[in-house]
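Novice: Here's the letter readout for the chains.
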Amino acid sequence: MAIEATTQPVHGHRSLQHHFENMEQQREAGTLGMWIFLVTEIMFFGGMFLAYALYRSLYPAAFASASNHLDITLGAVNTGVLILSSFTMAMAVYFTQVGKQRPQVLCLVLTLFLGLAFLGIKAVEYHDKYEDHLIPGRLIPGNPFNPAVQEEGQPIDHHKLHLLPGATLEKVEMFYWIYFAMTGMHALHMVIGAGLLTFLIIFSLKGRFDPEYHSPVEVVGLYWHFVDIVWIFLFPLLYLLGRHFEHG
Amino acid sequence: MRPIESFEVPAPPRVNYINAQYGLKSWLLTKDHKRIALLYLGSITFFFFIGGLYALMIRLELLTPQGDLLQSTTYNKVFTQHGIIMIFFFLIPSIPATLGNFLIPMMIGAKDLAFPRINLLSWYIYLLGGVITIYALLAGGVDTGWTFYTPFSTTFSNSYVVATGLGIFINGFSSILTGLNFIVTIHTMRAPGMTWFRMPLFLWSHYATSLIMILGTPVVAITILLLAFERVARVGIFDPALGGDPVLFQHLFWFYSHPAVYIMVLPSMGVISELIANFSRKNIFGYSFVAFSSLAIAVFGFLVWGHHLFVTSQSVYAGMIFSFLSFAVAIPSAIKVFNWTATLYRSSISYDTPMLYALGFIGLFTVGGMTGLFLASLATDVHLSDTYFVVAHFHYIMVGGALMGYLGGLHYWWPKIAGRMYPEGWGRFSALIIFVGFNLTFLPQFIAGYLGMPRRYHAYPPEFQVFNVLSTAGASILGFGMLIPAIYFVWSMRYGKHAESNPWHLPGLEWRTQSPPPTENFEVTPIVTWEAYEFAPREETEVVGKFRPELERI
Ligand code: HEM
Ligand SMILES: [Cu+2]
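Chains Y and L supply the protein sequences, listed in that same order.
Just add 7 to wherever you are in the first sequence, counting from 1, and you've got the numbering used here.
Just add 111 to wherever you are in the second sequence, counting from 1, and you've got the numbering used here.
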């Protein structure tokens, strides 16, 4: 038979699973698995990006009007918060790889904190939209989509929707559905990410990671950066798209 | 292939993956890919049976032109549920989750898939999706067709669309996780010496299938999710009454669902490549063409979905491009058929049950693929769309192709899976019955459809009755034929002859370990030094009698 023993696997590391030959193989599999999972995530969000692209090109005025009503300041602050959290996440991976436990825990906690800050700011934004009756359809029963519209010549009221020529409320509502679908799905991913970070913090406090075994931190890091990147796309597409309509 | 001599003395019962542990818990919490494959095998068989019952009801109703057995609303539910169960809960997981799960680690010389826990998780997700779907069926059923077209599904249907959709949505993740696991396993877990081009073609086709699973399934998942929100919360992007566009739904749905037809047939093609090469005892003709045609199908399969939208508002220019691309995607399929045929040419074929299924596959798949070209031509599709011609077309591929491959593979690897032989005589007999029954069921539907009989109605003009009577008769034969393997597989688990480790005398890695294999598949990690279908040179085989184990590169 051609079945012979290979070089005996270097046993030893307590985190090596039985079906892998060595830590290197195990780490490679974990990272590749996460990359592939992220590919599926891209396709998942892709369906919504397609709907967005289609309707934005069909109804530019309505989408611009609706977009103008989003809170750019909060959106921009949130973008900064997320980018910063990606930085702390990357540092957490680095400190794990070089085996420095204390800064590693610190960076993970910072990342978690920034993630929660993002979600908090997002909640404030959602609440503003709720106050202005901008929640589409029957998503919240008893609070139908019914925004006040800014009339010509009236004093500017930021709680009122300013409809550009050619925009209809029906399509504005559609924009808000796409907005809530996309940012809601993104927020759900943030919540999951926060859960994963909590696990990482517990495990790293217990000293489970070391330079030989750091792939969980690395893999969650990949996930976190991905969720961050989705937002980097969402922010300009949703918040900034109407600007040139009004000022240009 | 009957062995010329038996080289192996029946071994005393050894520890294998089945008797390694006992008790329900050892099965429900197993991380062994082989046991998970068996869990899947049991559950998809269950769903296949339910789907079969619906098929029976459809065929009985269509025996007569009037709607006497079922009312139109019931009939709508019956064909919808038939489609949903058969596609999402049987055909899509069928080969990958059972044979693929069982064989992929063994074929590359690994101890398990890369993520055993995720593998088990995928089975539980499948079950959860299945339970929710069955709940929907029992609560009142769903009548939208398996395609869930809007705005009927979002606004007008009074059936359990959301619950069914949720079941399919959840089930989708099981298929994503399976695909992910396969890709990572094939990339990172190959034994020393198992290069990409030494891999059995079964692995190439599963790799291609997995690509489709991870790229396509998320799209249908988000589509169904949006549909459910639209129905429940009246937030619209599909329903024109809410400002949306129903054709967008069709684009998103078919962006997954055309590639999904390849999820169903590609693994089957992988099985057929194994069977053809091994039962004609010859290296496959044009290995790299067959391997790359799988990848080509996976890639091109994503570019043809518009052929399901020829009779919607899709622009004619888009239609022309999709028509052209649909013809293009037939090329890699044709490459496979030609290569299989060339492999058969002047080889020493043995007509065991698996090979009968393989030969059946080649013929039936060719018919299915060729009629696909009728549908992919713009002008003819206007006439044929939504007729029984379409029904016959996709059954030739999904039953005549995918299911035949599944049955062939199940017979072929049964000795390895169960450690027992199935009864060869009954095997051949039922393969023949199934072939005859299948053709009698679906050939008449081509004619009925060509003459204009529309699909998805419970009643039809009397002039179509003769085709429907033939079809129902065929379906009865087909159903009877299917029962035979169902019985003897179960029977053989207890009473079948003990299988040797290599009953067909083949070079593949999965045959180089005991039957059934031990939990870790191989005692020691194998080192691969041979090509995929490396048989003894022709002249020598003829002298010595087809196969000499000592040529097996000891
Ligand atoms: C060989 C290349 C193929 C071509 C060119 C092709 C073409 C087509 C076309 C144009 C239709 C739409 C008919 C209509 O409703 O107007 C169709 C329907 C269908 N095809 Fe194919 N097909 C091919 C292969 C396959 C394969 C491999 C499968 C399955 C494994 C498959 C499964 C189906 C199914 C399920 C439908 C019906 C969808 C529905 O309307 O419910 N086809 N095919
Ligand atoms: Cu298609």
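Keep in mind the hints are simulated off the structure, nothing from the lab.
Hints may contain errors.
What the hints assert, rightly or not - Stretch-level coverage of chain L by chain Y, calculated; a stretch enters the list once three of its residues show a Cβ under 8 Å from a Cβ in chain Y: (1) 343-356; (2) 526-540; (3) 549-559.
What the hints assert, rightly or not - Calculated from the model, a selection of chain L residues having no Cβ within reach of chain Y, i.e. all distances over 10 Å: (4) PHE157; (5) ILE294; (6) THR636.
Every value quoted in this text rests on a predicted model; they were computed, and no experiment measured them.
The beta-carbon is built from N, C-alpha and C at its ideal position, and this holds for glycine as well.
Novice: Would you list, in rising numerical order, the hints stated earlier that this structure does not obey?
Specialist: 2, 3, 5, 6
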